[in-house]
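**Q** One-letter residues, chain by chain:
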Amino acid sequence: MGLFSDILKKLDAGNVKRFSKGGARTGGALELRQTASTGGMATTELLIRLELIMGQASGLPLMDYANEMVHLSHPLQLFIFSETSEISNLSYEHAHEFLSVASTALVLMEQKQYERWLSGVKQAFASGDPESASYQIKNYLDYTSERDTRTAYLSDITYTLEKLVLSIHKTELPIVAAELVTENKLMSYTDDEALYLPLSISHFDNYEDNNRLYKVLTFQLLGQIHCKTALALDTLSDGIREYGDDFLTIFSTIETLRIDQYIKAEFPGLWNDIVLLHKKAKVVYPLNIFDNADIHTVETSLQLTKSLLESKLDLPELIYQSTFQLALMAHVQNVTIKQESKRKAPLILNPTTDVHDELLGTGDPKTADRGYLRALKDNAGDSVLNSPPPGWIPGSSDEAEVAQHITKHNEKGVFYYREWDTSLKSYRKDWCRLKETVDEDLVEDVVIEDPEALRHAENRIRKTFDQLINDQKFMRGQNDGDEIDIDAWVSARSGKSKDADDYQNLYIRNNTNNRDVAIMFAVDLSGSTSGWKNTMIKQSTWLLCKTLARMGDQYAVYGFSGAGRNDCRVYPVKRFEENYTKSVKSRIFSMKPDQYTRMGVAIRHLSKLLGKTSAKTRILFVLTDGRPDDVDSYRGQYGVEDTRLALNEAKALSLKPFVLTFDKEGMDYLPYMLGSNRYQLITDISQLPIQISTIYKQLTT
Amino acid sequence: MTTANIIENSKYYIKDEPYYLPTANEVEIFNTALEENIPVLLKGPTGCGKTRFMEYMSWYTKRPLITVSCHDDLTTADLVGRYLIQNDTTVWQDGPLTTAVRNGCICYLDEIVEARKDTTVVIHPLCDDRRILPIEKLGQLLQAPPEFCLAMSYNPGYQSAVKDLKPSTRQRFISIDFSYPAADVEAKIVNQEAGLDMAVCERLVKLAEMTRNLVGNGLDEGASTRLLVHAAKLINRGFEPKMACRCGIADVLTDDNETVTLLHEMIETLF
Ligand SMILES: Nc1ncnc2c1ncn2[C@@H]1O[C@H](COP(=O)(O)OP(=O)(O)O)[C@@H](O)[C@H]1O
Ligand SMILES: [Mg+2]
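Each protein sequence line maps, in turn, to chains A and B. Quick note, in this note's numbering, the first sequence goes up one by one and the last residue is 707. Quick note, in this note's numbering, the second sequence goes up one by one and the last residue is 292.
Calculated from the structure, these hints are not laboratory results. Note that the Cβ used here is the ideal one computed from N, Cα and C, for glycine as well. A couple of the hints might just be wrong.
Here are the computed lysine to aspartate or glutamate pairs in the EDC-like style, where the Cα-Cα straight-line distance is at most 16 Å [said to hold, decoys possible]:
| id | chain 1 | residue 1 | chain 2 | residue 2 |
| --- | --- | --- | --- | --- |
| 1 | A | 622 | B | 94 |
| 2 | B | 138 | A | 559 |
| 3 | B | 138 | A | 522 |
Here are the computed distance ranges between Cβ atoms for each label pair [stated by the list, open to error]:
| id | chain 1 | residue 1 | chain 2 | residue 2 | range |
| --- | --- | --- | --- | --- | --- |
| 4 | A | 214 | B | 49 | 52 to 58 Å |
| 5 | B | 82 | A | 587 | 42 to 48 Å |
| 6 | A | 670 | B | 200 | 54 to 60 Å |
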């Protein structure tokens, strides 16, 4: 009996296995594969890294944490490592507390929410309140729901504010989180190079007004720059020396009122917002204070300040009044005097500015929440990424990473693209760094091994293409056209019934140029394409380029490869605006197998280029030998999902993607990635040139 | 074969003076180009007065204006002419370009890069010293009279490298720059066109400038003078300014939600 049931079990198991294999085409096998690799690190690797941060003999249940973390995606795992090591620098206890909830918390939260959560924790540390930090770590659930509906967060409004500022100021002024809130006062200030605003505002009892306050603060700071407040520096410091801090206090209010005048004149809509805030805060606004002076310069404010010192007039308390600081003004003046073109680090230091400063110092237009937190994350993440897992030493390559950030966004031929993180269900902004690289050492004399076979293939391609051209050339019997269709005319005349309709369609329309096609060939140059595959790819590309010219279609060829998200590469072989020349030929034959296949970013970049052409039919043709795969977790479900999203984005640009693959397992994921009829498997690689031309014909007609 | 030699006067002449406010010395340049028989290229974004300028110049010089809007299906025959069949015989029908050459009109090819390159080559012999229009089907070489003038418009902004003018075409022309007018001029135009209060017009222009600063940051092109005129007309009809700007400007410029929201925010700061 026992034996029998055992056999039954085995049979069952066999069946299950076979079923799941059969289900491959419907996507079932895909799921299986994905659970086998979530794209993240495995438990052992996680454990080693946790021990590196928390210490080996910590007595903590690190294995449990590793087991929890194994279900997360690679980026999230890295995020936990970097946050843990950062918190552990502040307090080991808290780092442990963080670890014990991190895996659960991060799954529940959106990126924005957990960034808020952790910045809340760090703020608590910075203001010397470890208890509150610990409370916040444990009560991460507070951040998952929008329980607090009145608070406005800087991170939510940064994009809008930055663009609004750009539209007025013409140059970008990054919006950065200000120093921490002290004594319940909102801090906002500017050094003419960035606008510093509070991380969150909950001053009013509803979200609309708090949001409004953000806008008003921003315009006040813009106003400061525009109204040249910084010119007051000398007089102001004299005044403070003479009258004490009262002088600064009064000046601050007066200057705010002066900037109000500017806003009122230039941005009446925003002035309405200010008036609303006045009402809410029950401010008695001194309307006529600037009535007497004709030109309101900062001098006017200073004079008013002096006269008010004596009369002790009551000034309103304005919630949106920014923080005026001599140090900042001095900085502004220095910059103006020296006409420095390079940006200086901001003067105000806050406890968490180490990385922050360097970022700002480089003109990196990134912002508080989006930039600062991400910068920490990026740096920590990269240091993990770039070193081989076993011998990993935390922070070893930090400096190099920061240096890389410094050149970010200014480099020529470098582009940043987002990437879809399927475990987060959201995009990671600017995640991949892609560089267009032109290979310098080109093959000069191209030697073709089997010219006879190629000539045959070339003839076949030509024939296929000639058909295409001829198919199109003359459309007879049209009701309008360039020539008269004599045949139609004769047949109409000789027709028995003199049907008027026959006389309508007597033209030949020459449609040669109605073909309006642009095609982008994206060629996978990953290491796995070496050898025979590479030779075939090169020869097919060459034949295609040679013959495509006669069709008058626009076409481009780019190779892609890379190693890790910071080193994605595309190799222009032939650009759209180029003609087929000898150097294109030598670039084709210089294509060589490179490293990995991070497909999403390549598709995004090449879609963008293709999207710029104006053809009616635009085809993105991807030639690859396998599934998306890259060193840093870009594999399994993660890679497939990101590639799928990238292809969807291409479709949204009204491009037609098509994938031709050598990968026999391609059927497992291609249907899911692309939808039907958008991929083909090529089994006999020697047929590649002819296959491509046939597919090309199918796609373009 | 019959050809119409004289066009109906009423059809192509502009009788009433169109409102056109010069922004620089474009009127003088155009007149000189006319006298010297050099074709003219009007370069600038859409809706900044190119068409209006041509109408004005047509009225000013008392020459009829023939406008052709170019598109990618435009054939050479559409420009030059073709045989039609009527009552069992063929009749030649002049295309607009031929009509313009025969009658000494101003021929204005709007958005020239939209036309295919093989279509635009027919203008080459018209644009150099020869000033002839070859009509292949008729076996004729038509000599352009001195009154004939060719002008075309071209928006260098959004076209890609692929859709650019060929140097061989480009270098036959005198180019007049039609970028957005200065703020005060533009406000005056809007004021005149819509009859709206000057102060509001100035604010509209300010909004337009803000959108123009965002080109490349979510917008392909900023708000044109035409859009301002539209919004101004809405306001004049009693629509709330914010509403008018949203319908007349913001929502027209883009479909991207994030950018639309941003444009609405801009409007909120001004009205
Ligand atoms: N200089 C100008 N003088 C008068 N109206 C102008 C001027 N510039 C622009 N406009 C207004 O803008 C509108 C659009 O101009 P239009 O000539 O059609 O633009 P386009 O450059 O696209 O041909 C016109 O209808 C007119 O109301
Ligand atoms: Mg026009």
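**Q** Work down the list of hints and note, for each, if the structure agrees.
**A** Here's how the hints hold up against the structure:
For the hint linking residue 622 of chain A to residue 94 of chain B, the alpha-carbon distance of about 12 Å falls within 16 Å, and the restraint holds. As the CA atoms of residue 138 of chain B and residue 559 of chain A are separated by approximately 13 Å, the hinted pair is consistent with the 16 Å bound. Of the supplied pair hints, the one linking residue 138 of chain B and residue 522 of chain A holds, its CA atoms being roughly 12 Å apart against a limit of 16 Å. In this structure the supplied range 52 to 58 Å holds for residue 214 of chain A paired with residue 49 of chain B, their Cβ-Cβ distance being about 54 Å.
Between residue 82 of chain B and residue 587 of chain A the Cβ separation comes to about 47 Å, which falls inside the hinted range of 42 to 48 Å. One distance hint, 54 to 60 Å for the beta-carbon pair residue 670 of chain A and residue 200 of chain B, holds here, with the actual separation near 57 Å.
The structure fails none of the hints (numbered hints given earlier).
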